[in-house]
Amino acid sequence: MTDNASHLGATLQDFLDGRLDAARQAEVRAHLEGCAQCRGELEAVRWVRDVALKQLPTQDVPPALAARVAAALNAAHEQTERAGGRTVGRRWGRWAGAGALLAAAAVAFLLVVKPGEGGATLPEAAARDFTAYRDGTLPLALHTSDGAAVEALFVSAGLPFTTRVFDLGMMHYQLQGGLVHRLRGRPSALYVYRGPEGSEVVCQMFPGRLAELPRTADVREHDGIAFHVYRVEGVTLVFWQEGGVVCVLASDAESEAVIRLAYAKAVRV
Amino acid sequence: MSWKREAFEAAALPFMRALYNTALRLTREPADAADLVQETFLRAYRTFEHFTPGSNCKAWLFTILYSIFTNQYHQAKRRPRMESVEELEERFHQFAHAPEDPASDITTVVGWGSRWSPEVERALRQLPEDFRTPLLLVDVEGLSYEEAASVLGCAVGTVGSRLFRGRKLLFAMLQDYAHQAGYGKDTSPDP
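In order, the protein sequence lines correspond to chains A and B.
Per the numbering used here, the very first residue in the first sequence carries number 20; after that it's consecutive.
Per the numbering used here, the very first residue in the second sequence carries number 139; after that it's consecutive.
Keep in mind that the hints were calculated from the coordinates and are not lab data.
Please read these numbers as outputs of a predicted model, since none were measured by experiment.
Hints are not guaranteed to be accurate.
Ranges of calculated distance between the beta carbons of each label pair, as one might list FRET restraints [said to hold, decoys possible]:
(1) A/E46 x B/G192: 36 to 42 Å
(2) A/A276 x B/G280: 52 to 58 Å
(3) B/E187 x A/M189: 35 to 41 Å
(4) B/G295 x A/R205: 31 to 37 Å
(5) B/E228 x A/R205: 53 to 59 Å
(6) B/E144 x A/R38: 36 to 42 Å
(7) B/Q318 x A/D69: 14 to 20 Å
(8) B/G280 x A/G177: 30 to 36 Å
Built from N, CA and C at the ideal position, the CB exists for glycine as well.
Model the full structure from these sequences, guided by the hints.
Shown next as structure tokens:
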């Protein structure tokens with residue numbers, strides 16, 4: 020068993036890392052008994068994993084770094100506290116000058132807004148999600164370029180609406196994967212594309228109506244569909260309605276390119 | 139101290155040493171590594187609401203660290219490699235096709251795990267980043283394939299294939315060192 024066609028290749032690593040079922044493991048063991056080349060390869064990668072990489076020196080954290088991290092966290096904490104204090108002060112100032120009806124409305128508002136969202140509008144929340152994804156703090160649950168697999172993820176999570184993961188291949192955007200998310204307290208199907216020159220587009224679908232969005236001067240019409248466009252801190256957001264679901268594309272790519280992507284993929288329902 | 143700060147420090151700060159050592163191997167510069175770790179903790183603290191309690195905090199922190207690294211460091215700091223991937227893969231191929239040659243014998247040697255090796259560190263730093271990072275995450279930091287895929291933003295299969303190529307490339311770079319160190323022969327088929 021020494022011809023190339025019969026060698027195990029990457030299966031050796033799956034065997035080494037315990038990623039094969041018992042039957043396949045037994046087959047690999049039987050092969051190794053008669054194949055010196057595969058035994059040699061197995062031992063080479065095993066040596067790298069178990070011996071070479073265990074010899075790496077470990078550096079202690081410099082005391083100055085630990086102090087810098089603590090100081091940075093202190094500063095971030097104080098900044099948050101100050102921002103929170105200013106917000107509360109403004110709210111109380113408004114309440115003092117308004118009637119009981121306004122106060123009641125404000126209490127209702129505070130009760131329905133999820134802590135941590137800080138009363139952000141839908142465009143602000145979607146822009147924040149884009150930034151969080153881009154910065155690596157909102158990881159995807161599934162990494163795949165297979166749209167059907169991402170749709171299956173949303174179905175298995177029991178999302179209360181039908182999702183449609185667009186194919187943007189013709190526009191040179193490749194699907195990266197998806198995540199069952201929440202956008203301002205409502206369930207959202209979130210999925211991501213990477214386009215030319217590494218630009219990223221975060222898409223979300225969630226139950227709602229365009230009427231819930233804040234007013235914008237930039238409302239466009241294409242093929243009988245209305246598109247509401249917002250720009251939040253360098254992120255372009257394009258919203259449109261598909262039945263009972265609102266779709267949004269968010270990206271820091273060039274604004275008109277993001278809008279053209281939305282035009283290309285929106286469907287009138 | 140607020141509940142958020144206490145929860146964050148308890149969950150995240152124990153991984154500072156692991157983050158710092160990986161940052162050193164990614165950036166190759168202590169000053170850059172320190173900046174990268176500080177920015178990682180700061181960004182993690184600001185977005186701690188996104189962290190799911192009970193999930194792997196170490197993998198989450200590495201996701202943030204790697205994202206900052208790819209966006210801010212590696213384009214500017216990339217350096218020429220000593221030897222091409224193709225040359226190293228050819229060298230591994232030659233090794234694999236001469237397994238009975240005593241010069242190609244390789245083994246696991248009990249007791250070598252504690253030996254400090256500048257050769258391994260040097261070789262690792264010369265590996266192309268696509269192969270080095272999966273080795274750091276899986277073999278050095280002990281993340282699963284799935285966690286490493288999440289950190290790198292790629293498919294699990296991609297992690298596996300890069301890990302396999304990375305291990306073979308590293309072996310090709312270290313083959314002379316391994317033989318000079320006097321390894322014997324042990325080809326046990328157990329994983």
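Each hint tested on the structure:
| no. | hint | in the structure |
| --- | --- | --- |
| 1 | A/E46 x B/G192: 36 to 42 Å | 37 Å, holds |
| 2 | A/A276 x B/G280: 52 to 58 Å | 41 Å, violated |
| 3 | B/E187 x A/M189: 35 to 41 Å | 37 Å, holds |
| 4 | B/G295 x A/R205: 31 to 37 Å | 34 Å, holds |
| 5 | B/E228 x A/R205: 53 to 59 Å | 56 Å, holds |
| 6 | B/E144 x A/R38: 36 to 42 Å | 38 Å, holds |
| 7 | B/Q318 x A/D69: 14 to 20 Å | 19 Å, holds |
| 8 | B/G280 x A/G177: 30 to 36 Å | 33 Å, holds |
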